[in-house]
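S.K.: Spelled out from the first residue to the last, the chains are:
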Amino acid sequence: MSDLILAVRNLRVVFPHRHGELVPIDDISFDIRRGEIIGFVGESGAGKSMTGAAIIGLIDPPGYIDRGEIWLGGERIDEQVSDPASRIRGKRISMVFQDPLTSLNPLRTIGDQLVETIQTHLMIGSDQARRKAIAGLEEVGIDPGRFGAYPHEFSGGMRQRVVIALALCAEPELIIADEPTTALDVSVQAQVLELLKRLCQERGASVMLITHDMGVIAETTDRVAVLYAGRLAEIGPTATLLTQPKHPYTRGLIASTPSVETGDINTKLFQIPGVMPRLDALPTGCRFHPRCEHVLARCKHEQPQLTAGTACFLYGDE
Amino acid sequence: MLLIIFRRLGQSIFVLFLVAFVSFMMFRYVGNPVDNLLGQEATVEQRDALIEALGLNDPLHEQYFGFVVRALQFDFGNSYRGALPVADMILERLPATLELALVSAILAMLVGTLLGIYTAIRRDGFLANFIMSSSLIGVSLPTFLIGVLLIWLFSVELGWLPSFGRGETVQVGFWSTGLLTVSGLKSLVLPAITLGLYQMTLIMRLVRAEMLEILRQDFIRFARARGLSERVVYFGHALKNTLVPVITVAGLQLGAIVAFAIITETVFQWPGVGLMFINAVFFVDIPVMSAYLLLVGTLFVVINLIVDLLYLAIDPRIRDGQLKRQNS
Amino acid sequence: MSGEKSLMSRFGESDFFYSFKRSPVTLVSFAVVLLLILLAVFADLVAPTNPFDVGSLNLMNGFTPPMQPNAFTGEVFFLGTDDQGRDLLSAIIFGLRVSLFVGLTAVAFAMLLGVSLGLWAGYRGGWVDSLIMRAADIQVTFPSILIAMLIFGIARGLLPPSMRDELAISVLIISIGLSEWVPFARTVRGTTLVEKEKEYVQAARLIGLGSGQIMLRHILPNVLSPVLVIATITLALAIIAEATLSFLGVGAPPTEPSLGTLIRIGQDFLFSGEWWILIFPAATLLALALSVNLLGDWLRDTLNPRLK
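Protein chains in written order, with the working numbering: chain A, 5 to 322; chain B, 2 to 329; chain C, 224 to 531.
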């Protein structure tokens, strides 16, 4: 148990609205181990960002956590994480968002924003905080001379480095990175991911890397979880999952990723037929069954539970 | 950058000449200066002499330029009622209006901003909703009605505050101020509230809308994700970003306040230039009307110009963006 | 489906009506506005007396408090009387009529002017467009009430004194109308610019339809929704503008007082204790302005597709 940094049990998030309620996350359970990088992959709307938001307590109202528990290093946190006084957010768990252009306050210098975060979490004087901030900038590869610069003076990749510096400056145990490189140029993506990976390994922090890009998953993560329509389809070590995917959805995802090795310019890209269902039109039984080529009668009425890393009746009764 | 400034300046000067033209046309052609000055029983020779003396037979553009030149020297002719120089009348009554306008503006901005912030932060609270609903009344109520109802409540029923006039004023150089006496201050309360209420409601709604918009942005979310306290999020991050557009709108409102002073001054018989103007309209005292319109028109054009330029100066992104567009 | 539903039942099931039914505030506002309009329209029938028939006035009735018998004549007046012995209820009803008449006519005028100019500017483009938009920009620099006062003052100056009272209402309508045309023009121009590039307009031109016909029959129907919203807002503004001008003494004449005029008269009697002369007209104006504003707000929210 001491090897686990985060444990999520039966998490369920609900969004009430005029005609009823939507359930973007339904009964998700997983663990994150100390020092590992776990990827969360799925289509837009599958619930991966929502899971990250739930853990750090940033679900936008009127959404709320309906059921489930979140444990951080043996302490239950799901009820207190939204309270800044609990000193969890920013200090023990931090988050990096997708768009570096909008993550920073345009009217304040980056140095200012760094010092502010440092002083919020560590009881140190302003001089020390400033030194720590400068050290933080150096760590992410930004010239400390730009301490007094404004966000709009940086390029997208540089800004994301600033964001990472901000996320790491209070020395968190877990970093949730929500599509951190999606908005960046491909050439910059690799650099930023490398940086994230290195810094976390140096500090022994865990990373929950949310993305829809299988390439990023392959390059960066130790384990990966696949989400579909608010539920976990499969979870397991990255190498195994990529080469021997079990769940039909995972198989479809991997097959539809273009690969230099297994195809050429004339290879037709595989597509999973149909689209992921909308939250207000979820199918009964297994949510993937309308698009599954191996669908059984059972799949239409019962929801498969996660057993041995897969939630699918094809493997269910092992 | 300079090009933009010059273009804006040029536009403003054009509008100023337009305002002066309207003012001049009114002065020259509406009403009859000769009749007003000489009365009905003047002889034809006297009339002709006066027409020559006033230059009323000169070509139009000469008369117009003459008008503008005299206006720049603060010579607006004489009032039809009492033949006093209009410039003197305006000067005498200007401090009253300016004091009222300034106090109202400050009140509106302060209270409006505070209430706007509060209703944005406590979005679903009972008090916030109550304030928002009342603000709708503030926007629907005509200014004069607010004034009259305030008089009824605070002067007639409660007897706390005076219902007309400025109270005792003190001469400081050429400026007569009501701020240095108790009765002066008391007299200022109801008119200032009346004049400022509409602006205050406007500012409050604007601040609230801006703040809500800002609070939805990613950098606020990120600030929260970094564990910053709610207080720091609101006042350290959201507020500064909110104030930028608010300041520019507030500036524009200053002009509106001067115009709406007409109404408030009438309700409270406040001896300012607004009351002077309304009386002029009622009695068709053209020189006074034309002078007032010239002044107020100029005021609006100048304020608009300043606000536009200020906006360019304040937001570094706009400034850099404009420069980039020029250089590319 | 078994045939078309009637227009009424379709309206009854529409989103529009649904939103209307759900908001009690809107229902009340609508009821109030309807009531006031009916009172104004049927003023002659509804009002107990004709307050402008000088012959029927009895000075001894003056200053009677509401619902109390007059000390001299024993007559009872629902809302009291003013200094001339006029029944306040009748004065208010007729005043309401003036206020609504001026407000509605001024808006109609502003709408007509603004929509026409907007169509023309958008369709013709070129110097016509520049000129009209320039004029709009300049006019918008100044508050509309100031412009209304300016126009009223000039018109007053141009008319001989004898005709001033007679034409006051017409001048008032024109002043307020002229001060409020800009929002209509700008919106219509925007839509026209977009619509005129569309194929159905090109087609109409090819057939040989004249500009006027194209503007009226093809483009105009597409602009109605936002124009309606602006019209409601402008109505509220026009009512307030008229009341303000009348209060200031530069609006409705004493022979045809509007609610604003009545309030002006009432203010004089506040201190002598005859509060009703002020309060009842004030309350009526407040109800009118508030209801129109609330209706306008609701209309704006419903017709705005972005908020859905």
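Calculated from the structure, these hints are not laboratory results. Cβ atoms here follow ideal geometry from the backbone N, Cα and C, with glycine treated the same way. The reader is advised that the hints may include incorrect statements.
Partial chain B-side listing against chain A, Cβ under 7 Å, derived [said to hold, decoys possible]:
# : residue
1 : 9
2 : 13
3 : 223
4 : 226
5 : 229
6 : 241
Once the Cα atoms are required to be at most 27 Å apart in a straight line, the calculated DSS-like pairs of lysine-lysine come out as [stated by the list, open to error]:
#  : chain 1 : residue 1 : chain 2 : residue 2
7  : A       : 250       : A       : 95
8  : B       : 241       : A       : 95
9  : A       : 136       : B       : 241
10 : A       : 136       : A       : 201
11 : A       : 201       : A       : 272
12 : A       : 250       : A       : 272
S.K.: State for each hint whether it applies.
M.R.: Hints versus structure:
1. 9: Hint on residue 9 of chain B: violated, closest Cβ of chain A at ~24 Å, above 7 Å.
2. 13: violated, 29 Å
3. 223: holds, 5 Å
4. 226: holds, 4 Å
5. 229: Since chain A brings a Cβ to about 6 Å from residue 229 of chain B, closer than 7 Å, the hint holds.
6. 241: holds, 5 Å
7. A/250 with A/95: violated, 37 Å
8. B/241 with A/95: holds, 25 Å
9. A/136 with B/241: holds, 26 Å
10. A/136 with A/201: Status holds; Cα separation ~21 Å.
11. A/201 with A/272: The given pair, whose Cα atoms are some 34 Å apart, is violated under the 27 Å limit.
12. A/250 with A/272: OK: residue 250 of chain A and residue 272 of chain A at ~23 Å, within 27 Å.
Of the hints listed earlier, those the structure fails to meet are numbers 1, 2, 7, 11, in rising order.
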